[in-house]
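**Student:** One letter stands for each residue in the lines below.
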Amino acid sequence: MSIYYIYQDHLRCIGCYACEVHCKTKNNVPIGPRLCRIIPVGPKMVSGIPVMHFIFMPCFHCEEPWCVSACPTGSMQKRAKDGIVFVEQSLCIGCKSCITACPWGVPQWNPETGKIIKCDYCKDRVDQGLKPACVTKCTAKSLKFISAHEASLLKRERFVRDTYALLYG
Amino acid sequence: MSETTYVYSMCGMCAVRCPIRVETKNGMVTWIEGNPYVAGMEGSLCAKGSAGLAFEYDYERPQSPLIREGARGEGKWKKASWEEALDYIAERIDKIKAQYGAKAIALADRGGLFTDLTKAFIKALGSPNYLDHDDTCAKNVNMAAQTLFGYGRGDIGYDFANTKYIVLFGRNVFESLQVREVNNILDAMEKGCKITYIDIRATVTASKSHKFLMIRPGTDYAMILALMHVIIKEKLYDIEFVNRYFKDFPELESFVTQYTPEWAEKETGIPAFEIVNVAREAATVKPKVIFHAGWMLARYIDSFYASRGLYLLNALMGNIEAKGGLIIAKGAKDAGKKGLRSLAEGIPEPQDKIFDADMPNRTLGTGHIVNLYKAIKTGEPYPIKALFAYRYDPMVSLPDPDEQKKVLDNLDLLVSIDVNYSETAWFSDVILPEATYLERSNIICIQKGQKPSFFMRRQAMKPRYNAKEGWEIFTLLAHKLGAGQYFPWKSIEEIWNYQLEPTGYKIEDFDAKGFVSLSKDPILMPRDAIKFTTPSGKIEVISDKITKIGAKSLAEYQTPKKPDEGSFRLAFGRTAVHTHAQTQNNIYLNEIVPENHLWINEKEAEKLGIKNGDTVKVSIDDYKGFIRAYVTPYIHPEAVFMYHGFGNEIPLKTRSFGKGLKDNKFQKGLLETVDPVGGGVAFLNAIVKVKKA
Numbered sequence: 026m027s028i029y030y031i032y033q034d035h036l037r038c039i040g041c042y043a044c045e046v047h048c049k050t051k052n053n054v055p056i057g058p059r060l061c062r063i064i065p066v067g068p069k070m071v072s073g074i075p076v077m078h079f080i081f082m083p084c085f086h087c088e089e090p091w092c093v094s095a096c097p098t099g100s101m102q103k104r105a106k107d108g109i110v111f112v113e114q115s116l117c118i119g120c121k122s123c124i125t126a127c128p129w130g131v132p133q134w135n136p137e138t139g140k141i142i143k144c145d146y147c148k149d150r151v152d153q154g155l156k157p158a159c160v161t162k163c164t165a166k167s168l169k170f171i172s173a174h175e176a177s178l179l180k181r182e183r184f185v186r187d188t189y190a191l192l193y194g
Numbered sequence: 024m025s026e027t028t029y030v031y032s033m034c035g036m037c038a039v040r041c042p043i044r045v046e047t048k049n050g051m052v053t054w055i056e057g058n059p060y061v062a063g064m065e066g067s068l069c070a071k072g073s074a075g076l077a078f079e080y081d082y083e084r085p086q087s088p089l090i091r092e093g094a095r096g097e098g099k100w101k102k103a104s105w106e107e108a109l110d111y112i113a114e115r116i117d118k119i120k121a122q123y124g125a126k127a128i129a130l131a132d133r134g135g136l137f138t139d140l141t142k143a144f145i146k147a148l149g150s151p152n153y154l155d156h157d158d159t160c161a162k163n164v165n166m167a168a169q170t171l172f173g174y175g176r177g178d179i180g181y182d183f184a185n186t187k188y189i190v191l192f193g194r195n196v197f198e199s200l201q202v203r204e205v206n207n208i209l210d211a212m213e214k215g216c217k218i219t220y221i222d223i224r225a226t227v228t229a230s231k232s233h234k235f236l237m238i239r240p241g242t243d244y245a246m247i248l249a250l251m252h253v254i255i256k257e258k259l260y261d262i263e264f265v266n267r268y269f270k271d272f273p274e275l276e277s278f279v280t281q282y283t284p285e286w287a288e289k290e291t292g293i294p295a296f297e298i299v300n301v302a303r304e305a306a307t308v309k310p311k312v313i314f315h316a317g318w319m320l321a322r323y324i325d326s327f328y329a330s331r332g333l334y335l336l337n338a339l340m341g342n343i344e345a346k347g348g349l350i351i352a353k354g355a356k357d358a359g360k361k362g363l364r365s366l367a368e369g370i371p372e373p374q375d376k377i378f379d380a381d382m383p384n385r386t387l388g389t390g391h392i393v394n395l396y397k398a399i400k401t402g403e404p405y406p407i408k409a410l411f412a413y414r415y416d417p418m419v420s421l422p423d424p425d426e427q428k429k430v431l432d433n434l435d436l437l438v439s440i441d442v443n444y445s446e447t448a449w450f451s452d453v454i455l456p457e458a459t460y461l462e463r464s465n466i467i468c469i470q471k472g473q474k475p476s477f478f479m480r481r482q483a484m485k486p487r488y489n490a491k492e493g494w495e496i497f498t499l500l501a502h503k504l505g506a507g508q509y510f511p512w513k514s515i516e517e518i519w520n521y522q523l524e525p526t527g528y529k530i531e532d533f534d535a536k537g538f539v540s541l542s543k544d545p546i547l548m549p550r551d552a553i554k555f556t557t558p559s560g561k562i563e564v565i566s567d568k569i570t571k572i573g574a575k576s577l578a579e580y581q582t583p584k585k586p587d588e589g590s591f592r593l594a595f596g597r598t599a600v601h602t603h604a605q606t607q608n609n610i611y612l613n614e615i616v617p618e619n620h621l622w623i624n625e626k627e628a629e630k631l632g633i634k635n636g637d638t639v640k641v642s643i644d645d646y647k648g649f650i651r652a653y654v655t656p657y658i659h660p661e662a663v664f665m666y667h668g669f670g671n672e673i674p675l676k677t678r679s680f681g682k683g684l685k686d687n688k689f690q691k692g693l694l695e696t697v698d699p700v701g702g703g704v705a706f707l708n709a710i711v712k713v714k715k716a
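In the order they appear, the protein sequences are chains A and B. Numbers in our numbering are just positions in the first sequence, counted from 1, shifted up by 25. Numbers in our numbering are just positions in the second sequence, counted from 1, shifted up by 23.
Treat each hint with caution, since some may be false.
[Stated by the list, open to error] Computed footprint of chain A on chain B, listed as stretches where at least three residues anywhere in the stretch have a Cβ under 8 Å from a Cβ of chain A:
#1 58-69
#2 74-85
#3 208-218
#4 232-239
#5 606-613
[What the hints assert, rightly or not] Here are the simulated EDC-like pairs of lysine to aspartate or glutamate, each with C-alpha atoms no more than 16 Å apart in a straight line:
#6 A:Lys166 <-> B:Glu213
#7 A:Lys169 <-> B:Glu65
#8 B:Lys491 <-> B:Glu79
#9 A:Lys166 <-> B:Glu204
#10 A:Lys166 <-> B:Glu65
#11 B:Lys529 <-> B:Glu517
FYI, nobody ran anything at the bench for these hints, they're computed from the structure. Here the structure is a predicted model, which is why all the values come from computation and not from measurement. The beta-carbon is built from N, C-alpha and C at its ideal position, and this holds for glycine as well.
In isolation and in its complexed conformation, chain B is listed as follows (with noise of 0.2 Å):
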């Protein structure tokens, strides 16, 4: 007799985290699918999240704690129970809190959802450092969301659905994709809304957009310039909105002027038409305009910049917390409804500071991965000894795996947590299995929006191998290591009563449909009385944060640098098949996409005697790999591309191992080269060689 049930839970193959409805039969995972009660998913699912079931059943992922036997990074491990494991972490930990306190123990978590528990662990064990994944992500416009607005980057979201025009710098909605964006988008496209792409390369986004603008690599801030420049000239923003909300807008004004179409022209390659164009077409439908203010903006050094003035775009339209334009994301209080209990609430602030909080040459904000770096690497302001990696794989994330492994071997411990072999756990000294996000329960998070919701991810199945899920992970750590009064957790349903304790839902609430809705109406603050959370209250041209740190708020454009003859900036980027490096092994996305080319300008691959489908040789000092070329006019010629998360050099990943290049390996020496103000890595810093082989 099979059994079938269902169960809401939310996809684990990305970290967009789509809610999901799996369908198990004797305990086993057979069908996964988009929740249907959710608009934008209603049974939908990209390849990824269907892809989720392979994942489930491959045998090529940790299947029980490991202890590194020979060097680091070596591949020699010795399979160990639990209890070994954690008692191994925990005599060293011991030893590192006794000789240098408990502030030498650093988490850097992928982040996310799920971190109050994360947050709470490292707090417990009275150390101030808690990091996440943002140095390489959305560092530098988050920032600039917040020091225009006071809201981060997470708090502001886009009405795609409602829209009529939407500028994507390189945001490459349809590839990097997310399913309720997706369709949010598309149904827009239905009712007439137009999307103008501009990028270095043409993606399938710029297949699907209606005006597509090649941009020359790193001169995205040149054309927000001069966007801003004929906006406020031909006085096409939204004056009473600019009037009533802007700081210092004279000053913008001013600082603009010598930025004209004509002048950016001659920096981006995009004819000044062109730009006068963009400007006027979005001010016709203003403020249902969207300037989409970047996700992943860790490219260059004036990423922060441009981001910021992507931001100011969308001022200028007018289109805060209205319809069809940015909306402010609300919380459970917004709603009027109490939010989650913190699990951290009650555990005592650490004593020490951050590791960066005072460290010379300060971007803005704290926790930043690189700043962590140097901390290892100088013993600066204080050692760190020990560093937990949870869901997260700097070595194939930040530049330059071989100065990364130079600076990790400082560590006395290195643990990672992981479902897949990463770079980083094969480079561990302990790698602790996490059960996949189909044999987990989470912690239930809110996911803030126009209509907040509380969400829950739930287990489907049984670990299929000695794995655990996280929850139990950190709370059997945090009784290893003398924090187990913070952790009295038995089981996850323990864990979400006293999460919902203050609000008065009940675990039974989240049954019907995975989540709980908070409200019925989209909230919306009223046109005339929008909450800015800046020391002003207002949107804040010049901003104090930034002139605290040394940095000016309108900065002056930079020509970026010309690669030489046969160089090329390298650019990478997300195939729709594959979440970063995490997915290259799996049977299904393996076969779609098994390996990564590098895309050359044809005129330049002329130059250069290479034909499409040669392998050329990608160089930079010493290193070197070879790769197939796709020769196309659909790239900038003053860059190559490859996409991210190839390379794979964990034999026991047999299917990705050896295949493709991994483009970190070519940011060499860029592993503390940053946006100067937002943090944020620059990635495009990479200038590489290109040769026939």
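Excised from the complex, chain A in its bound form (with noise of 0.2 Å):
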């Protein structure tokens, strides 16, 4: 898995797809594919609120991707130094194995070029020291790009907060 984790705090998404935007102008992709999608869900009635839940999906950056191993030239490819699984463009055929491969859905065909393209947490702004494009411009300032370690440890203290919360609150 890549060093880095984007995690959602569902209390502030709006669902407001402005995080598709953000990802499609900055990688300038095409109509059709989109490297990162929010997936709405609901609503449900849950004590008397409509609740709908918005689902941010990009690329998890696993430790063993499939796709990487399905890619039978080598453009699918994690990077050594921070383990981020992006195409190198000059080497995809358009096979679509990594497709099949990801249980997500995570890669994307683009219809232009004929080869896949993905998320690759825009890592030409990583390098930079900057934060993927979704996360900089998120509206609600619901993502957040942080290491995989710091993920686990806000999620464990917000389960808490929220749940106690809810019962003691």
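Relying on the hints, combine the two individually framed chains into one complex.
**Tutor:** Here it is, written out as structure tokens:
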């Protein structure tokens, strides 16, 4: 797994789809493929509130990326220095093996080039010490670009805070 | 070699105009982000804001001046040079002026922060007829605020960041969104602020609230009256504040006695105990409580009173000029500074009165776009023969475009100045393409608030097509139309220097952050010396302004008509990814929400044999349209709903052409149906039939 993680604060996410557009404008993605997605779930009535969730689906940058194993040309790669999984465009032959391999449907078909494109955490920005476009410009500051280690700390603290707040708050 | 530069500017994808930082490489914009120096922005931008890049590089927008060749609206255009287009306009204006006088010229402006320029322009032509879009937006709210406090809606801000309890009547803050407001509310929620959301349907805002109450359409005023009833009866109000600042409190007290929560339950469908709870919850944390008095509240014929009631609820909480409540926006003078010099300075006042100054059945205020249509149609009180529509598209924002076309056809000249092919532009005689917000600089504006600032929109790249910046268009027009002496400008810098001259600030002061803050700390009036600018200096429950037009300050509630079986009140609203009817053709925004659907209550749908995803026929009189149904329990059975801004009829905008339905086509016969006091259009008086197709 990459040393990075994008944490989504569901209490702040308003499902505005800005992350998708931030990504598409930054990476110049044509119509069709979307490197990250917001998938709405609900509404479902919970204690009188029609609750909706908006699930953020970027690439998870697996420690053992099946898309990389499935790629016959070595186009799909994992960066040694930080584990970011990306496509080397010059090597991609458009065979779509990675689409078959990835359980989350992360690799995207680019109809203009006939090749695969995917979320690479905006590695050119990361290399400049910046954050991915989706995080940098998130409307509601719901997305956070943090280390995988911080992610579990944050998640656990958040779980306790929210659960206790519900019970005793 | 690539050269990267950064420009601080203001977004233009919607009318919020968020502060932005724009990156350009070799003179082309490559990246837009929220201004990192502005609290609540810090890089953040909404979907529309980012899609500004796609808008810039789109070719499906006007690329040169166009002069109509066929009949109005036929879509036949002749490409023209600026010189030709301006001459065409000048020739017609000269004739109109000779025959009817300058007062026959009107300018309808979308409105906003840069109107000093357009107001100066129309004044320089010698006409009093300046209008904005407010009849279809906040007019009722603005008038409600003015009659109570003396301040307009725009002069009263909401201190969301510090509040503890927010009550929203259909104010869909998380979809009809403003980035800073969203973040202020979310920050407050993290600190324990609760939201009660009241609407006819469950929006994203409902989903994120702590309490959602589905209300019967058109009965907000009933609930608001009952809230006042409980607050006054249970003495939950801020007694000291009310004693000090209210004029006519006893009248209010006796007026609301009849409006019990039990009565309101029958009107609204909201249980009486819930109404009592909202009143008590609000009072517990007062004054850190906000009853949002409405943004776009051109909805019903009692929306003025609903908004006024909401402002009164705030005042009862004693939250005016209190942290976490409603704060009067401060200007340059309040910060001990000099204001910007107006471009209209030195231009003589037009001799004639604005066309609706003495119209019969007057609503509050003047310059109503609805009244302009009356004047164009009847020639009373005098003929209006030329109309400039600047950044403004009444054909999609006012009801009944077919009726509008008949009215507008009485004009001898209709000119649209816009960055888009708007529906109004398509019906115009001349389209003058304005440079996009990334391609133009605007005059400097002031953003009033607790901490007022001067803001600057600055050109980030040269226009890609044969378009011009707004200041230049109006300067050129003024020269052609014989008012050049009032528009001596050669560059935007000249204008900026002229505006800044009394303030002591320089253009360079905007370089570092794009704005100049006029006050380090929030400015608040002392609690015991709040200045209201009403005639009495107090909060006027009974207002002479209202009495003067023959209306009541405290008006009895009237039950709205219930639609017949199979008929529904047509509601409309916003998605977070589109701005009114302006962005449906944007490649990226179109990809996310390409068309609208019809929300319909599941029980009503079942009665009509409609299943989720079915195509349904929506009709009114002899007009009909087809649309897919979104069947849900989360809309009131008396209403159906669609997103506004779809059903584009301009073939040059290929991505959105013919996609979805246009709500205002179903607002048949409502062009003159307005709130009789506030003057806002009563859009939700549209009742449509729905059938399975």
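**Student:** Do the alpha carbons of A:Lys166 and B:Glu65 lie within 16 Å of each other, as the hint requires?
**Tutor:** 9 Å, holds
**Student:** Taking a Cβ-Cβ distance under 8 Å as contact, does the region 58-69 of chain B have three or more residues in contact with chain A?
**Tutor:** holds (count 5)
**Student:** Is B:Lys529 close enough to B:Glu517, meaning Cα to Cα at most 16 Å?
**Tutor:** 12 Å, holds
**Student:** Against the 16 Å threshold, does the CA-CA distance of B:Lys491 and B:Glu79 hold or violate the hint?
**Tutor:** With Cα atoms ~14 Å apart, B:Lys491 and B:Glu79 stay inside 16 Å; holds.
**Student:** Counting residues of the region 74-85 of chain B that have a beta-carbon nearer than 8 Å to any beta-carbon of chain A, does the count reach 3?
**Tutor:** holds (count 3)
**Student:** Within the region 232-239 of chain B, is the number of residues with a Cβ closer than 8 Å to a Cβ of chain A three or more?
**Tutor:** As far as the region 232-239 of chain B goes, the hint holds, because 4 residues have Cβ atoms under 8 Å from chain A.
**Student:** So if I understand the rule, the pair passes when the alpha-carbon distance is 16 Å or less; does A:Lys166 with B:Glu204 pass?
**Tutor:** 13 Å, holds
**Student:** Given the hinted pair A:Lys166 and B:Glu213, is their Cα-Cα distance within 16 Å?
**Tutor:** Given pair A:Lys166, B:Glu213 holds - Cα atoms ~13 Å apart, limit 16 Å.
**Student:** How does the region 606-613 of chain B fare against chain A when you require at least three residues with a CB closer than 8 Å, holds or violated?
**Tutor:** Answer holds; 3 residues pass the 8 Å Cβ test.
**Student:** CA of A:Lys169 to CA of B:Glu65, is that 16 Å or under?
**Tutor:** Given that 16 Å is the threshold and the Cα spacing comes to 13 Å, the pair holds.
**Student:** Is the coverage entry for the region 208-218 of chain B by chain A consistent with the three-residue Cβ rule at 8 Å?
**Tutor:** holds (count 3)
When each numbered hint is compared with the structure, no violation occurs for any of them.
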